[in-house]
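Undergrad: Each chain, letter by letter, is given below.
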Amino acid sequence: MPEKIDLSERLFNLTCALLVAGNGLSKSEIFATVQGYKETYVPGGDLTAINRMFERDKTLLSSAGILWRSFIPKEAMGDNQEFRYLIANEDFVWPKGLTLSSKQVALLNLAAQVWAKASLSADANRAIHRIRAMGEKADGSSLIGIAPRIRTHEPSFLPLSTAIESCSRVSFDYLKPGESDFSVRNIEPWSLQNIGGQWLLVGFDLDRDEPRNFLLRRIVSEIDIQDVSFDPPESAEITKTLADLELHKLSQIAKLKTSAASAAWFHFDLAANQTEFEANFMDLYLFAEELMEFADEIEVIEPKQLADLIRANLQKVSDTHA
Amino acid sequence: MPKSSSLSGADRYNFMLALTGYLINNRQQRLSDLASHFQVTEKEIRSAVVTISLSGVGMYRPDELFFLDYDLLEEGIVDLSFAPTLEAVPRLSARQAAAIASGLSYLMNLVDTKDQDQIKQLLEILGRGALGTKELPFMVQPTEGDGDLALVRQAVAESRALKCSYINSAGEITNREIEPQLLESREANWFVKGYCRSNQETRVFRLDRMREIELLEKFEERELADIESDQIYSVRKSDIDVLFEVDPEAFALIADYKPEFEISGNKSVQVKIPIGQLETLGRIVARYSGKVRVLAPAAARVAVRQFAQRALGQRNPESVAE
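Just so you know, the protein sequences line up as chains A and B, in that order. The first sequence begins at 7 in my numbering and counts up by one. The second sequence begins at 438 in my numbering and counts up by one.
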């Protein structure tokens, strides 16, 4: 019995093989020569299992950012048309001449720690291994004692991120606040954006025929990733959608009143004798939630909808604790 | 300190690629230095280099593609030489780059202007250089700058005490002198952990409850008792176990107060969280507007109901029901 080769070794061998093969390798060449494959390969035998293993490995390489190419050599056109595979060096390595300073490495380290135990921490750690491999040591003297954290507790985050990377259409159930029933949304997902601590999906709504934003926390179903791909958006389209959102925020103004020396007065950083103030908000419902912890010391002058919403929320809290 | 957990699967594959790239440029490295550079155990390094040296593909048999000097390895020195392949460190995958770029963007308004310039350069590298033309699948938008935040960061970095006016959750305002040790964030909220000279103990302060912050002199390092880096709220013996029922939209509460609690699925969950003062519970629960319900003990339910009714009375005095 040959010694069992684990997944990491097989992927590593496959990567080296595709990197050193100048003319690429055909599938049968890979199966015959690469450790992890050749132990089970029987030429002319049943190839179902080994083919499946190869398909899976190709996906794993892609998701690790190792870009392989496949092509049919010109001289073989019209022949058996067998694909050959390779990894081009320029797809593999960092751009030439790129160096990082020790301060930059320290910032990159801290950036990776931002994910702590969130769902992206494994990817962040793998990135840090590659960054450390570039050789420079971290100088973090001015960054000691900072522990910022981003979280992704929404279960839809990873599937949406996968769908964005592969440009696959998705559908999900979305529950808008104030409505009792969810609606099914069919979206071309463009980008996930964290704005003020909230994760938003920016995408093209196929039913409404325009770009829309969705708060991940309002997605109430699993993400259905469909086998339909779309052309990725121009980055200008994403930028424009985000700029529109910012304009929308600037146009939404609440007038509020609190008393001096209250927690709200501290929170909104009001001047010594200031009790009335204005605040911009992106989403009425989110803003109402933000104000709830100060509900006993804040008065909403306008808009009336905000005042009504806070009152209704308080009533709900009171009712659920009767 | 190197971690003790061992790598497997995709993580180990990623690590071997990174290590190989590093060792090409850095011959004759001590095992101990490699372990501390990559933050993994010496055993992990040894196992990885042996695997690398045994990989053989195509025209290169094992030991021909990579040559490991086993005599030197016995002395704790890694010396790996190479046939012409794997010329450098692999670039980042889209998800790895997005994780790091998001972290950097989140740090933007936390660091000084010199570091901000470095972050801009790094974002440029991650956005283009590391990825070619592809868009990052997700990104964090930098939050608005906050003078208090920058000031406290400076205090932590320079080990300087600070003076401020602080309003606690009971609404009492006091002047405090704090020796800040750690600046942490949860969503949009920032917390300062430090030794409070006024109370002579280590406490956690919410940044938005501080005002009139001034930096004082450098302070001497102090042995801090039981500050766990992952827990903002330390549990005290006098805390009361409160049983919550939490809807999926409010899972952030669990992530804040009980990060070790495993959340799975899209259903409401029940969770016990120790709470110091029941009077503060109303504010915490109100924020989630009925999506968090306190089930027990009865005194905790009363505290929440009283907060809601007090707030309702404040905005509509004549209609205090019951």
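Mixed in with the good hints, there may be bad ones.
[Stated by the list, open to error] Stretch-level coverage of chain A by chain B, calculated; a stretch enters the list once three of its residues show a Cβ under 8 Å from a Cβ in chain B:
| # | stretch |
| --- | --- |
| 1 | 219-232 |
| 2 | 264-272 |
[What the hints assert, rightly or not] Calculated Cβ distances over 12 Å to all of chain A for the following chain B residues:
| # | residue |
| --- | --- |
| 3 | I461 |
| 4 | E479 |
| 5 | D508 |
| 6 | Q558 |
| 7 | E614 |
| 8 | R643 |
| 9 | E651 |
| 10 | L653 |
| 11 | E657 |
| 12 | S675 |
| 13 | N703 |
| 14 | P711 |
| 15 | Q743 |
Don't read these hints as lab results, they were simulated from the structure. Just so we're clear, the structure is a prediction, and the values are computed from it rather than from any experiment. Heads up, the beta-carbon is just placed ideally off N, CA and C, and yes, glycines get one too.
Undergrad: Beyond 12 Å from every Cβ of chain A: is that where the Cβ of N703/B lies?
TA: violated, 6 Å
Undergrad: Just want to verify: E651/B was marked as not at the interface with chain A; is every Cβ pair farther apart than 12 Å?
TA: Holds, because the least Cβ-Cβ distance between E651/B and chain A comes to about 15 Å, which exceeds 12 Å.
Undergrad: Does the claim that L653/B lies off the interface hold, with its Cβ farther than 12 Å from every Cβ of chain A?
TA: It holds; L653/B is separated from chain A by about 16 Å at its closest Cβ, greater than 12 Å.
Undergrad: Beyond 12 Å on every Cβ pair: is that true for P711/B relative to chain A?
TA: holds, 19 Å
Undergrad: Could you let me know if the closest chain A CB is still more than 12 Å away from the CB of S675/B?
TA: holds, 23 Å
Undergrad: For E479/B, which was marked as not at the interface, is the minimum beta-carbon distance to chain A over 12 Å?
TA: holds, 16 Å
Undergrad: Against chain A, does E614/B hold up as non-interface, every C-beta pair farther apart than 12 Å?
TA: holds, 18 Å
Undergrad: E657/B clear of chain A by more than 12 Å, beta carbon to beta carbon?
TA: holds, 15 Å
Undergrad: Would you check whether the claim that Q743/B is not at the interface survives, using Cβ distances to chain A and the 12 Å cut-off?
TA: violated, 9 Å
Undergrad: Minimum Cβ separation between I461/B and chain A greater than 12 Å?
TA: Incorrect as stated: the minimum Cβ-Cβ distance to chain A is 9 Å, not above 12 Å.
Undergrad: In terms of beta carbon proximity below 8 Å, does the stretch 264-272 of chain A have 3 or more residues touching chain B?
TA: holds (count 4)
Undergrad: In terms of beta carbon proximity below 8 Å, does the stretch 219-232 of chain A have 3 or more residues touching chain B?
TA: holds (count 5)
Of the numbered hints stated above, those contradicted by the structure are hints 3, 6, 8, 13 and 15, listed in ascending order.
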